[in-house]
Amino acid sequence: MRNTNSPANNIGVQYYATQLGIYDEMYATENKVLPYWERFMDALDSMGSETLEARRKEAQRLLRENGVTYNVYGDAQNLTRPWRLDPIPLLISSEEWLTIEIGLKQRAELLNLILKDIYGKQNLLKKGLLPADLIFAHDGFLRPCMELLKNQRHQLTLYSANLARGPKGRMWVLDDRTQAPSGSGYALENRTVMTRVLPDIFRETQVRRLAGFFKALRSGLAEIAHHNKEDPRIVILTPGPLNETYFEHAYLAAYLGFTLVQGDDLTVRDGRVWLKSLSGLQAVDVILRRVDDSFCDPLELRSNSQLGVAGLLDAVRRGNVAIANPLGSSVLENSGLLAFLPRLARYFLNEELKLPSVATWWCGQKRERDFVLQNLDNLVIKPINRNQDNHAVFGGLLSSKDKDQLRSQILAKPHFFIGQEQVSFSTLPAFVDHHIEARNAVLRTFTVASGGDYVVMSGGLTRIARQKDNFIVSNQAGGISKDTWVLAAEPDKPVSIWTQPKRNQLIEPVIEPLTSRAADNLFWVGRHIERVKTISRLLRSVLRKLRETLEFKDSVDNECLQVLLCALTQVTGTYPGFVKCDARLLESPQNELLSLAKDGQRKGSLTANIQAFVQSAFSIRDFWSQDTWRSVDTIQRRWQQRVLHNEITVEQLQANLDDLITGIVAFTGLTSESMTREAAWLMLDSGRRLERALTLIALLRSALASRHEDALQSQVLEAVLDSTDSLTIYQRRYRSYIQLPLVLELLLLDESHPRSLAYQLHQLSIHISALPRTKGNRHLSEEEQLILKAYTDLRLCNVLELTQVNENDGIYINLDQLLSNTTTLLWRLADVIAEAYFSHSQTSQLIMPITPEDEL
Amino acid sequence: MKYRITHTTLYHYSQSVGLCQNEARLQPRNFWQQQCHHSHFDIQPTPTNFNEWLDFFGNHVTYFAIQRPHTQLTVTAISEVTLFPRQNNLDLANRMPWEQARSLLQEIPMQGLSQSQYGQGQNQSQQQNQDQSVEILDARQYLLDSPMVTVTAELADYAQQSFLPNRPLVDVVHDLMQRIYKDFTYDPSFTTIATPLSDVLKFRRGVCQDFAHLAIGCLRAYNIAARYISGYVETLPEVGQQRLVGADASHAWFSVYIPNTGWLDFDPTNNTVPLDQHITLAWGRDYADVTPLKGIAFGGGQHTLSVSVDVLRLE
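Residue numbers (the working numbering), protein chains in the order written: chain P, 17 to 872; chain Y, 29 to 343.
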């Protein structure tokens, strides 16, 4: 029940207090709001519910425009889910944070020592301090990684923990994340957004900054390099755009200045790891991995993995590459370890554990197993291996049949299970439906080994459950995030993650190598955006003509419409469409036109091309400036909102096409204005030029290769000029009745006209000669030969020859021939470029006997 | 007994392979039962980046890469090995009941030790104790599920008949081996590497790998430690026939841990206790740990593969 007495604009602080459970962050154990929360809540309260809601929306808008998403597995329709941010942060006092920080450092040191022991001497197992079965039965214990950890103090570079506060106000560790902890990028993005939506409150509440952590991360990663310690090449290895936290991989790559790669962007040769770039192989010194360890090397680890790099482990073995975290470190994510940490802390550090774990009983031991079996109702049962098939089970929620089944599973393989105390987390205020409500929260912290110590991010990623009284807090289950404000005793000075150059020191600019995958995606971004533009323009001309036909009922209009409809099918490649179709379809083409625009499942449709464009652009998210990405987002969102999610008529479609074209122009304008003229630009623009040439040819061939009656011809020519954005130029330049030779002169041969074929081929030949493979080579490469031939053949044409008609079939034979030959050359060119530059496309296969060799 | 083993694997690719990386476990390991005097590879085209090490189980591993385009790859491993057959009678005479063997393995052997040993000098009996403990610790990992062998109720059911109360473990395993030999049909056309154990059990067909995995699964179902051995077996021509060079193949069997005795091998495919004709290459939890040769090739299209093995008795 909501308090109906409260004024509409009240965020409900008073009411909140009456609804609390055991422990609330704002109230602690007292009956009074903690002073720093009080200040903060007063500020919010004076802002009022409506303003706060507006700020919350503003935050969502910023996150959305920045492309902050979280992918949800198994949901192909809504793969990318917008990141959700609650405008009320978690506040933590500086004294309390100090305790947490010390506890996290201790835990990181401890886990580091355990890791080194497990993959080294295994004294813990030999001395019985850790049961061997607990380690041997865990999927994260990778035997090929034995003895691979080099002699360095901190092997565990990154460490994250999920913390929650128990009923008595003490922080507990729920679990440890040690192989590829995610979330630091989201935490940073949350902070960025919060400082924009609550700037005043943020300034007044002295909040510790996050940049120090990222600076430590940069130097910590450089420290583990075995080669080039001064300036190591560091890459972020991502499983790819389908991964749940892909946004973060791209975001961190851009923020930290590392190259974002997927497994097949890398190769192992001569015992080293290399980045396949457009300008050849570049040695890689450090890999920050976001791929699970068993997927990292199909040769020595999981052989069916397509995400890794064959031979990676051998490069590690030779000490030629450093990986953070080292392969095999997921062994520490074994939930059974929690039961042994207090003992190990005493053994290694001679200290008690400062941040306790949730009470855990490993069933591999008899006494503990008996305890768990007797107390199933009160415990959470978890497998020691964390993966998608194994879930935590709340014993008390099981039917007696399921409970028996669980019991026999535990008895059959006891070492696979742990029992854990059910914890009730503390709550904190969240802004939901215009007022504040209590939500259970979990705080993820981030720690990195740097400069001989562990550095803890002063803040973290707080997540709350979506529903009230829900303890399951996870992004996959649709959780909401919060910023985490660690209060400072005095104002925290801003830190730059970049090193400050000495005065008057000139810095060599770094030219980031372009990976062949990124090149591939850029090329396709160019092709798709151009295709979207061509189709929109043509569709718009068709719709215009359709309206005229319906309005004036003129037979020439109708014939012209038919020519354009056929051209539309041919340019989009959506056969059979309007080609050789029955008369009824030509008479009422509306449904087919709407399908061409809207049907995302249909190859060649406008929507399919928009989706492909967005997908390619998202795959190289780290390339785009914030403004550019916003333009991508706008194109997609508007199209979705206004066209896909609406029942629209062809008339409404037309207005939306105008809007779409404006969006595309924004994107191309931004890229032209902001991209440096390096390999990335060459790839993007080559894709655009090639596609523009191909679609122009398809249009001209379809609409103009056969002779039409004069009246029809004139209409068709006008429509062609219109849909290629050349009508105004034609009228200004020739001031005459529209005729074929002049149109061909303008659209094919005029090199000063940015829409002409000659212009595209000329640009392509310039781009291609600037590509790394052809630079400085005395012989022409195949791609150079192809573009030279296409360009030269075109330049040798003259419009009079092109407009000679074959009297038998009424076809402009030379024109048709030229266009057809050029198409062939350009298709071949696309193939050759793909082969030469997008080498990641070569797939790998496992070779080993598939039938057993045997004898009797 | 001394042997020379020549093991050749030939790959043909329909398209060029630009890069391939390989991992071989083709060099016989040394242990008290055998000594490998000499072992070398002959690989065409010439590989680069040779690297050798001992894996977690102590097997010889060789890594090599071919970094130039090729459509054919030949890997030949030639090794000379002497076997020292032990007097199996003694081991086979071990009368420890399987229940006792099981509880010996179940106990956490270290705990008494760990209390006393920090920084203390050790007397001889402590040392012996510790050696045995290390051995048991090692054996314990062979009780657990492994990539290709997951213990199921079906496996336990099949094995039950052999696990009579108080039967000596050696007899249990012997009986199990004989039953597998009798109940299962040797059928190379039935299984591939990917055939799950449940199919082998259901259709009662398979090859040496399957039978070894099957026995291992049965034993682990009763908490007996069992491991997988990859190697070769000498085949003798039938009387009056010429010995065929290269007609042999690689082989697989299993080994059981008998407390106080050590590891004892059994070959369910041939229903024998290996003595002086089985040459061990490598051991592990199952086939996945000891695959003799595997690689990742980039490109290559379709590939075909042929293997020839020759086990020649030298003396």
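In case anyone wonders, no lab produced these hints; they're calculated from the structure.
Fair warning: this is a prediction, and the values are worked out from it, not measured in the lab.
Beta carbons: idealized from backbone N, C-alpha and C, even for Gly.
Mixed in with the good hints, there may be bad ones.
What follows is a list of derived Cβ distance ranges for each label pair [as the list claims (entries may be wrong)]:
#  : chain 1 : residue 1 : chain 2 : residue 2 : range
1  : P       : H661      : Y       : W81       : 53 to 61 Å
2  : Y       : E266      : P       : L862      : 53 to 61 Å
3  : Y       : S131      : P       : Q631      : 32 to 40 Å
4  : Y       : T220      : P       : N167      : 48 to 56 Å
5  : Y       : D215      : P       : P592      : 46 to 54 Å
6  : P       : S415      : Y       : D215      : 42 to 50 Å
7  : P       : E851      : Y       : S226      : 38 to 46 Å
8  : Y       : E266      : P       : N167      : 54 to 62 Å
9  : Y       : S226      : P       : N139      : 48 to 56 Å
10 : P       : S797      : Y       : D215      : 49 to 57 Å
Checked hints:
no.: 1; hint: P:H661 to Y:W81: 53 to 61 Å; verdict: 59 Å, holds
no.: 2; hint: Y:E266 to P:L862: 53 to 61 Å; verdict: 38 Å, violated
no.: 3; hint: Y:S131 to P:Q631: 32 to 40 Å; verdict: 59 Å, violated
no.: 4; hint: Y:T220 to P:N167: 48 to 56 Å; verdict: 43 Å, violated
no.: 5; hint: Y:D215 to P:P592: 46 to 54 Å; verdict: 52 Å, holds
no.: 6; hint: P:S415 to Y:D215: 42 to 50 Å; verdict: 44 Å, holds
no.: 7; hint: P:E851 to Y:S226: 38 to 46 Å; verdict: 45 Å, holds
no.: 8; hint: Y:E266 to P:N167: 54 to 62 Å; verdict: 58 Å, holds
no.: 9; hint: Y:S226 to P:N139: 48 to 56 Å; verdict: 39 Å, violated
no.: 10; hint: P:S797 to Y:D215: 49 to 57 Å; verdict: 55 Å, holds
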